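Asker: What follows is each chain in one-letter form.
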Amino acid sequence: MRPSTSSRATRLLGAALTVGLVVLGLFAFVFTEADLVQLDAVRLLYVHVPVAILSYVGFSVCAFGSAMVLWKRSTWWDITAAAGAELGVLFAGLTLVTGAIWGRPIWNTWWEWGDVRLMTTLMMFLVYVGYLAYRRVVPAADVRARRSAIIGLVGVLNIPIVNRSVEWWESRTLHQKSTLGELKIEDLTLFTLMLGMVVFALVFAWLMIHRFRVGWLEHQAETVGLVAAMAERRAQRDAEIDEALAHPGVSSGSDR
Amino acid sequence: MRVLWAIAEKDLRIEVRSKVVASQVLPFAMIVLVLFGLALDADRATLRSFTPGLYWVAVLFAAILAIQRSVSVETASSAFEALRLSGAAGWQVFGGKALAVAAQLLAVEAVMALGVVVLYRSSFDDPVLVVTAAVGATVAISAAGSLYGVLAVGMGVRDTILPMLLLPILAPVLVAATRAFDDGLGTAAVNGWSWCGLLAFFAGVYLVVGGAAYSVVLEDA
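Read top to bottom, the protein sequences are chains X and F. Quick note: the first sequence uses the numbering used here, first residue 1, plus one each step. Quick note: the second sequence uses the numbering used here, first residue 257, plus one each step.
So that you can see chain F by itself, here it is in the shape it has in the complex (with noise of 0.2 Å):
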């Protein structure tokens, strides 16, 4: 777990250096949430009532492009060759890229939950179920994302191959998330609970499956 860790720690490290994740993939979140509210023409009710399923949409363009970032800084200086000669196993070179993308993705989220509430003068009734559901599912996400994101590597055509692989099942996720946020938001009558059920099933599903697969496709990084 140390070496998990230390990996993770890099990560944020270089974060809070470059402070890409704050200057640019949280502004784009925001611009998502105000254009989003521009197309629906500012119209209250129907943001409030939408806020869940706008809200993970946005999180998932934002979480694409942080984990874009995350595969960028072992790509620039072929980090990604030092990480393979470092000994580490895949599981916790894996463990380490998703831990970090999962708390940068979640600072991100808690500043839209802000902008949500300001913008789309949405409340949090439940806010215990928020908070599970936005966890699973974002940890859900960067599972997914920090593998297919290596996936992705070598390849000219990354920044349009990554949306179009993982998008796709991240969907069962997307819904998940967005049931258990209106149940939490008090937008519908769903139990929530039970979908942040099926988000632990995703997130668990991922995980394994990650730590699995990532030292095959790390040796061809």
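Only chain X is shown next, with the shape it has when bound in the complex (with noise of 0.2 Å):
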């Protein structure tokens, strides 16, 4: 049977995304009003604010399997942190270029240098941009595992950074403080970020899920394939063996 990464559990979670996608995009284009001071540039942090969540889950993810890969030695562990910093750099890609859409006409330029979260977000982007480079060039599966694991966890000291920077920074950016928390947002446009963030924290599992299980298949490939060329080296040897036997006092291919 072909393998395959779609599951019964997969196809209705993606079904419930689709449906939660065009929900999002009804309350985000239709029933929620224009701002006042940002007017149509605000529907962008329906997106922008949960994928910059989200990128901090995928890193998180991905330094929690990093720490238990060196913990455990697990192979399921170490796929698990590599999708995880995948997911992570994607929508950690997606918050920079959502962010520099919203940015030119609210701040009136695509990029601030001066500003200290898009400096840490980039940073925090391009350290896992890193990480997944790494992995494509270590070819041995166990010591990629250990190695990259360390990265992994070295990277996810950025997060407390990026996250805190517009508080410990103040004066060196132009993003507001967390307004979630005091409940600053009008009521429709709170409930729709509220949408937002649970229909792409689906997005995340359904892509988390089939990264991780084309990992899983890329290992086994790995594996099986070198159980093959093992098994077909020794089949050509026994070959040899049988020939030699055979033909006392004719040289073997392998003598050549």
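EDC-like cross-link-like pairs, simulated, lysine to aspartate or glutamate; straight-line CA separation at most 20 Å:
hint, chain 1, residue 1, chain 2, residue 2
1, X, 72, X, 142
2, F, 275, F, 265
3, F, 266, F, 337
4, X, 72, F, 475
5, X, 72, F, 476
Derived from the structure by calculation, the hints contain no laboratory data. Small disclaimer: the values here were computed from a predicted structure and weren't measured.
Hints given; two lone chains; assemble the complex.
Answerer: What follows is the structure, given as structure tokens:
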């Protein structure tokens, strides 16, 4: 049977998140009003904030998986860590892109060098791009797992820095402090933002499951490939021995 | 600590004999300073105001070379194997390697400081702050570099993967060292000592992480 990463549960999850994305689109573009200050650009925040938070989740999964790799030396956790890092990079990239698109009309610039949150987010993104690049160049699976686990753990130090940067360097950022806890956002706007978080969390979970399964299949392909190569070599060697026994005095292929 | 010192002494002795840092890394760092001057059209006022940033970017480039050298002395003749068999703990090997890199980098930085005074006409208004920031940043760079340097061992792409891994995690060190130098050189009105605190934090974190993780990577090196 052809290996697949889908299952009944993931197909249901996929259907649910598709409906969720449509509903979120309706709330973002139809039911909510444009902001008095940000105008229509506020609609980007229904994507920007959830993907930013989920990028932290992805990197945290990577860090936890990395710690478990060092503790348990488990392939399962290594694949989980890699999947988390890949989704973290994807969502952090989306955060940077949606932030730049939002920043152009609101801050009058695509990119603000003086903004500490932008810079720390970019650095966190680059740290994990390095992590993923590193995983591609280390051929031995067990060495790759152990070494990349260290990079994954060091990289997670960025999360509190990115998250708290607007408080620690208040004068060096255009980003506002978190207003979610104080419920300063208008009701329907807050609801749409929360809906965005739920929907993008489903997207994250769906991608995570599939990426993990792809990683697991890759691991099996590597293992099966190695076993098959060893079996082929053994069969070749057995044939050479049989030939040497059948025709003593004639040198075999491996002697040439 | 005796083992740690012995490993640091070994690396420094190799440098004294081979003079790779003195004859290649230091000239490279000075060339970078000169190139910055050329790229900025030799405008002294601009150069002076940007000296802290230019200086630390040049130091980071030089550090990459120094770290690659520190690793290559171990891989060239399978010396990592000897280090593993010596019975030295991972943190001792890490500490010795980081200490040797730090000593070499501090020497390079001292000459580069003379370079920015001569080439950019910069002046050190607060030498104590400048030295403190330099030591903090150098410890952080050496600790992170020594850990990541050995992570890149055994790969054909070591020269390209090391900067890609190392430079992003050293970005906060670059920012903090530049701000502290802004105060120390009088190029901006900032509190340099608070940035020294951040440098100390990162130096401490990278020392602890490096000391704890080095034995894991050493067994695969």
